[in-house]
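*Asks:* In case you want the letters, here they are:
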Amino acid sequence: MRFNQFRLGVTLFLCLMALSCSSKNFTHSQALTIAGSTSVQPFAEKLAEIYMDINPKLIINVQGGGSTAGIKACREKVAQIGTSSRELHPNEGDLTKIIIAKDGIAVIVHPQNPVNDISIEQLRGIFSGKIRSWSRLGWVDKPIYFVNREEGSGTRDAFESLVMKKGEISDEALVQDSNGSVREIIANNPQAIGYISFGILNHQVKALAVNSVIPNLTTIKNNQYTLTRPFIFVLPSQPTPLASQFVDFVLSQEGQQILEKEGLVGFQ
Amino acid sequence: MYGQEFSLQSISLAIPKSQITGIMGPSNSGKTTLLRILNRLTDLIPDILIRGQVLLDGVDILMPHYNVNLLRARVGMVFAKPIPLPRSIYENLTFGPRMHGVKDRRILDERVEQSLQAAILWDEVKDRLFESALKLSGGQQQRLCIARTLAMQSEVILLDEPTSGLDPISTAKIEEALRNLKKDYTIILVSNNTKQIARISDRVAFFLMGDLIEYGPPDMLFTNPSDKRTEDYVSGRFG
Amino acid sequence: MMRLNPILSQKIIKTLLWILTGSTIGILFFIIIYIFIKGLPQLSWTFLSTNPVDMGRSGGILATIVSTVYLIGIALFFATPLGLGTAIYLTEYTREGLITKIIRFGTESLAGIPSIILGLFGFAIFVIAFGWGWSLLSGGLTLSAMLLPTIIRTSEESILSVPQEYREVAFSLGVGKWKTITRVVLPAALPGIVTGIVLSIARSVGETAVIIFTAGSSLRFPSSIFESGRTLAVHFYILAREGISMPMAYGTAAILVLLILIINISAYMTMRFLMKRYS
Amino acid sequence: MKEKIIEKILTLLAFSAIGVLLLITVFIFKEGLPVILKAGIKDFLFSAKWAPTKGHFGILAMIISSLAVTFGSIVMGVPLALACAVTLAEFCPPRLLVFLKPTIELLAGIPSVVFGFLGVILLVPIIREYLGGPGLSLLAASIILAIMILPTITSISIDAIQAVPLLYKEGALAMGATHWQAIWLVILPAARSGVVTAIILGMARAIGETMAVIMVAGNALKIPSSLLDPVRTLTSTIALEMGYSAGDHRTALFAAGMILFIFIMALTILANLLMRKK
Chain A
1 MRFNQFRLGV
11 TLFLCLMALS
21 CSSKNFTHSQ
31 ALTIAGSTSV
41 QPFAEKLAEI
51 YMDINPKLII
61 NVQGGGSTAG
71 IKACREKVAQ
81 IGTSSRELHP
91 NEGDLTKIII
101 AKDGIAVIVH
111 PQNPVNDISI
121 EQLRGIFSGK
131 IRSWSRLGWV
141 DKPIYFVNRE
151 EGSGTRDAFE
161 SLVMKKGEIS
171 DEALVQDSNG
181 SVREIIANNP
191 QAIGYISFGI
201 LNHQVKALAV
211 NSVIPNLTTI
221 KNNQYTLTRP
231 FIFVLPSQPT
241 PLASQFVDFV
251 LSQEGQQILE
261 KEGLVGFQ
Chain B
1 MYGQEFSLQS
11 ISLAIPKSQI
21 TGIMGPSNSG
31 KTTLLRILNR
41 LTDLIPDILI
51 RGQVLLDGVD
61 ILMPHYNVNL
71 LRARVGMVFA
81 KPIPLPRSIY
91 ENLTFGPRMH
101 GVKDRRILDE
111 RVEQSLQAAI
121 LWDEVKDRLF
131 ESALKLSGGQ
141 QQRLCIARTL
151 AMQSEVILLD
161 EPTSGLDPIS
171 TAKIEEALRN
181 LKKDYTIILV
191 SNNTKQIARI
201 SDRVAFFLMG
211 DLIEYGPPDM
221 LFTNPSDKRT
231 EDYVSGRFG
Chain C
1 MMRLNPILSQ
11 KIIKTLLWIL
21 TGSTIGILFF
31 IIIYIFIKGL
41 PQLSWTFLST
51 NPVDMGRSGG
61 ILATIVSTVY
71 LIGIALFFAT
81 PLGLGTAIYL
91 TEYTREGLIT
101 KIIRFGTESL
111 AGIPSIILGL
121 FGFAIFVIAF
131 GWGWSLLSGG
141 LTLSAMLLPT
151 IIRTSEESIL
161 SVPQEYREVA
171 FSLGVGKWKT
181 ITRVVLPAAL
191 PGIVTGIVLS
201 IARSVGETAV
211 IIFTAGSSLR
221 FPSSIFESGR
231 TLAVHFYILA
241 REGISMPMAY
251 GTAAILVLLI
261 LIINISAYMT
271 MRFLMKRYS
Chain D
1 MKEKIIEKIL
11 TLLAFSAIGV
21 LLLITVFIFK
31 EGLPVILKAG
41 IKDFLFSAKW
51 APTKGHFGIL
61 AMIISSLAVT
71 FGSIVMGVPL
81 ALACAVTLAE
91 FCPPRLLVFL
101 KPTIELLAGI
111 PSVVFGFLGV
121 ILLVPIIREY
131 LGGPGLSLLA
141 ASIILAIMIL
151 PTITSISIDA
161 IQAVPLLYKE
171 GALAMGATHW
181 QAIWLVILPA
191 ARSGVVTAII
201 LGMARAIGET
211 MAVIMVAGNA
221 LKIPSSLLDP
231 VRTLTSTIAL
241 EMGYSAGDHR
251 TALFAAGMIL
261 FIFIMALTIL
271 ANLLMRKK
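Chains as they are written, first to last, in the working numbering: chain A, 1 to 268; chain B, 1 to 239; chain C, 1 to 279; chain D, 1 to 278.
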């Protein structure tokens, strides 16, 4: 309330402004921001955690936001590395794409659901709203609740092109905006079905065999399991040295081992 | 308090130094407005129009560039209702001097004691200077307000019905204080209480409906008024 | 049709109203107690003082507490002077008129803007246009736009409630306008102003939509305001929604509700303390 | 001189709120308008087909869902809130009121994500088990929002009721009315504009709420045909898709934000007009 406190406030404000100028340079030289796909985020965070242990001075911020946002962030230099769980679109050709791993898309149901196997056609039928009852899959006559990802999601993009071909997903679908929240819904509803990244599959839900192939590291690696998509790092045409070094680490044997341990399949 | 169309008209008064000038008149006669012009508290009223001159030591205080804050430091004001600020007694008294740059603790202490003595309050509060001023009784609060003006070492003290809400004993104390003060200060007292004016004023002005009706020594106004209206008023026929 | 005796019908209605009120208050207590029962057992000093590990599956919530504090600090740093300045202008420097009407309308409307729209706005302005990225600074600035109306309104109300006589006393002692405001009016209005600020802190603690868009959700311990950070509420949202760890989610929720409780209670205590000081 | 400068600074500060509001308005319209003009206002507002990456920008379903959720929350929340307000303002001993009013206001401080989470954990399974459907539904969202807007409506209504001059009540009681008759026939009508303002502000909060709704509403794009259908509001669409959007998709989300903004401004102006009448 006192006038000198007011003066103190002004001084603080000026300091803050000065800090902002100096700190901007700081951000560019010492910190790395990785943003994009929520499917890639947990793996990027794990990689970053270990990489920061090796290079204690480095700061890596990992953000979600989604594949498209990551690509955009990379282009707008908000992030040095963008991550994507879908292929780049033709109009995104100005960026460098690096495949870091391959991921399966697991079709999941509640553990109590007796259905174990599903064909691509049945899956398409369910998501286009034509198959509406579990009796069509050999269970009781109860409605099927299918959970979709939101428009723009890389996982959805991949699912649409691998499963739906030209068909559209019905607008009756429940929509969630991350793998985790899809998994949560399925884990709590015996009549629900959905799809998530194989990498974050856990005991709460049951993965179905698709066309009689169970998703696991081997079937994904040798392409027997057909619902797979790449995990991509996106870099501007002239990446910062820090970004390049981090990408090198991810592609090294050590980095790839970390990813395999977490449930992804190496890029080779 | 300030009607839209109300105005004071053609007033000319010479206020003597070191005396108590009493101003009386029924309510709405313009007493308070006149008082507020004298230290330019009227500046707070939007769209007020004041014409004329108020000379203090020969300088017109109504001139736009006149330093109002210095004026108000020289011309202190005590309001009808005692209004201590919500702080301690000590802080109430030192508030003004501090705001005008007096920082020396010894000078401040001195002024607190002197002004409280002059307002005949010192003996009652000397042991609790740092307690809240709001805990004092109404009469004490009003004397504190007088002391607050004194602590500014002002030259003129304007009092706007200072005893209107007080009991006779408190009123007597304040009147005693004013009598003691008049040798060092020029005092202008507005009051509804004609008896009070008669008791302590050296000169009296009578206002009615914004006009100055009569101005002179109390003996003249109270015993031998030249105007019928004054006579009616002092004899209690209206007011 | 039978007409009910008015006294009897009053009794029935009164009982019904008390039942409804009781159940409403019951819901409130249920929510708080439910969160505490599930969450308080998770709390420990380690939970508060260590950083989250493995996306928050283990470890504590220190980084999110620090981010929350940063964000509130930044938001108040900008919103308080702006809000207080506006309130002072409205009460002391101008008369009711077209300008005050416009300003009041702006304040009211800003108060009604959904946080998601503020989030969109902050994202495009601070994150993209100013190039600050997802950062505590971007988040704090956007948040300050959200707090501004609250602070303006509460400050204005409490300044208005300061008796006009105090100002006259100060003026009559030859104190200038600005000094009168800072030395007499604001101290007297302080209880209300502080309460407004404290309650706006409670609001920032619970906010999520604005913050995800502008401050991001990085779990790292923030070392400067130019880094992204994840606040408690955002952390809770992600933990619960992604099903990362329910015990951690309940623990975080308990901290959140506890904080809101403490903030609210301390707002009332400060107010009462400040009001009692000299009266 | 110094005083003049301070006054200038304060004048500048005073325009901060309206400045921010203008900035938001200009910017939301600048981002949102082009795509509306491109898609055509009719197709934008009156088509339910939303597939922005494929060039369909109809937000009808979301507008209907937003209105449905808001309406549902008002239908459930307002009677409860008014009951609370009347009880607390009229029947409650003052000493209890001193304690209960802050308690109810505290409810407004609980983060919306906590409400949403409790909705998912407790409410959704109940709806799924006993009423059918996926549980994540219009009904669930309405109930959660009703609880969230309760404190706002209650506390403003209490103020409105307490602002009714005591004279009115005494007059009614003196004519032999019971306390309840006085409330119903005299006090509530006198407090009407304040109560209506409270309801409008509650509506604005309900229509603008995002996180809690995302968590419990299920977010299906279809126009709901029953209370148990999942719905997607304007706000949840923005929050769900913003991160993933680019180009026309992103501007379409801003356009949805613009529609939401217009709704909110209309409600605010309405509330303002009502308050002024008082």
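Worth double-checking, as some hints may not be accurate.
As the list claims (entries may be wrong) - Straight-line alpha carbon distances no greater than 35 Å define the calculated DSBU-like cross-link-like pairs of lysine-lysine that follow:
(1) B:LYS126 / C:LYS11
(2) D:LYS222 / A:LYS130
(3) C:LYS101 / B:LYS126
(4) D:LYS4 / C:LYS101
(5) D:LYS38 / C:LYS276
(6) D:LYS2 / C:LYS101
(7) B:LYS135 / C:LYS276
(8) A:LYS166 / D:LYS42
(9) A:LYS165 / D:LYS54
(10) C:LYS101 / B:LYS81
(11) A:LYS166 / D:LYS38
(12) C:LYS179 / D:LYS222
(13) D:LYS54 / C:LYS101
(14) D:LYS101 / B:LYS135
(15) A:LYS97 / D:LYS2
(16) D:LYS54 / A:LYS142
(17) B:LYS173 / C:LYS179
(18) D:LYS101 / A:LYS130
(19) C:LYS11 / D:LYS54
(20) D:LYS38 / A:LYS77
(21) A:LYS206 / D:LYS54
(22) D:LYS49 / A:LYS130
(23) B:LYS103 / C:LYS276
(24) B:LYS81 / D:LYS4
(25) C:LYS179 / B:LYS81
(26) C:LYS179 / B:LYS135
(27) B:LYS173 / C:LYS11
What the hints assert, rightly or not - Ranges of calculated distance between the beta carbons of each label pair, as one might list FRET restraints:
(28) A:ALA209 / D:ASP43: 37 to 45 Å
(29) C:GLU96 / B:ILE107: 24 to 32 Å
(30) B:ASP211 / D:THR11: 37 to 45 Å
(31) C:ALA129 / A:ASN91: 17 to 25 Å
To be verified - Quick partial rundown of chain D residues pointing at chain C, CB under 10 Å, derived from the structure:
(32) ILE223
(33) LEU227
(34) MET258
None of these hints come from the bench; they were simulated from the model. The beta-carbon is built from N, C-alpha and C at its ideal position, and this holds for glycine as well.
*Asks:* Now tell me, hint by hint, if it's right for this structure.
*Replies:* Results for each hint:
1. B:LYS126 / C:LYS11: 60 Å, violated
2. D:LYS222 / A:LYS130: Distance of about 15 Å is within 35 Å: holds.
3. C:LYS101 / B:LYS126: 50 Å, violated
4. D:LYS4 / C:LYS101: At roughly 23 Å apart (the allowed maximum being 35 Å), LYS101 of chain C and LYS4 of chain D satisfy the hint.
5. D:LYS38 / C:LYS276: 62 Å, violated
6. D:LYS2 / C:LYS101: 27 Å, holds
7. B:LYS135 / C:LYS276: Distance of about 12 Å is within 35 Å: holds.
8. A:LYS166 / D:LYS42: Distance of about 27 Å is within 35 Å: holds.
9. A:LYS165 / D:LYS54: 14 Å, holds
10. C:LYS101 / B:LYS81: OK: LYS101 of chain C and LYS81 of chain B at ~33 Å, within 35 Å.
11. A:LYS166 / D:LYS38: Holds - the C-alpha atoms of LYS38 of chain D and LYS166 of chain A are around 25 Å apart, at most 35 Å.
12. C:LYS179 / D:LYS222: Since the Cα atoms of LYS179 of chain C and LYS222 of chain D sit roughly 62 Å apart, the hinted pair is violated (cutoff 35 Å).
13. D:LYS54 / C:LYS101: 45 Å, violated
14. D:LYS101 / B:LYS135: 31 Å, holds
15. A:LYS97 / D:LYS2: Distance of about 60 Å is beyond 35 Å: violated.
16. D:LYS54 / A:LYS142: 33 Å, holds
17. B:LYS173 / C:LYS179: This hinted pair holds, its Cα atoms lying about 33 Å apart.
18. D:LYS101 / A:LYS130: Not OK: LYS101 of chain D and LYS130 of chain A at ~53 Å, beyond 35 Å, violated.
19. C:LYS11 / D:LYS54: Since the Cα atoms of LYS11 of chain C and LYS54 of chain D sit roughly 62 Å apart, the hinted pair is violated (cutoff 35 Å).
20. D:LYS38 / A:LYS77: The given pair, whose Cα atoms are some 29 Å apart, holds under the 35 Å limit.
21. A:LYS206 / D:LYS54: 32 Å, holds
22. D:LYS49 / A:LYS130: Holds, because 19 Å separates the two Cα atoms, which is no more than 35 Å.
23. B:LYS103 / C:LYS276: The given pair, whose Cα atoms are some 28 Å apart, holds under the 35 Å limit.
24. B:LYS81 / D:LYS4: With a Cα-Cα distance of about 32 Å, the restraint between LYS81 of chain B and LYS4 of chain D holds, given a limit of 35 Å.
25. C:LYS179 / B:LYS81: The given pair, whose Cα atoms are some 23 Å apart, holds under the 35 Å limit.
26. C:LYS179 / B:LYS135: 25 Å, holds
27. B:LYS173 / C:LYS11: 60 Å, violated
28. A:ALA209 / D:ASP43: 37 to 45 Å: Hint holds: Cβ distance 43 Å, inside 37 to 45 Å.
29. C:GLU96 / B:ILE107: 24 to 32 Å: 43 Å, violated
30. B:ASP211 / D:THR11: 37 to 45 Å: 41 Å, holds
31. C:ALA129 / A:ASN91: 17 to 25 Å: With a Cβ separation near 22 Å, ALA129 of chain C and ASN91 of chain A satisfy 17 to 25 Å, so the hint holds.
32. ILE223: Check failed: Cβ of ILE223 of chain D comes no nearer than 22 Å to chain C, outside 10 Å.
33. LEU227: Not OK, violated: LEU227 of chain D not within 10 Å of chain C, min 20 Å.
34. MET258: 9 Å, holds
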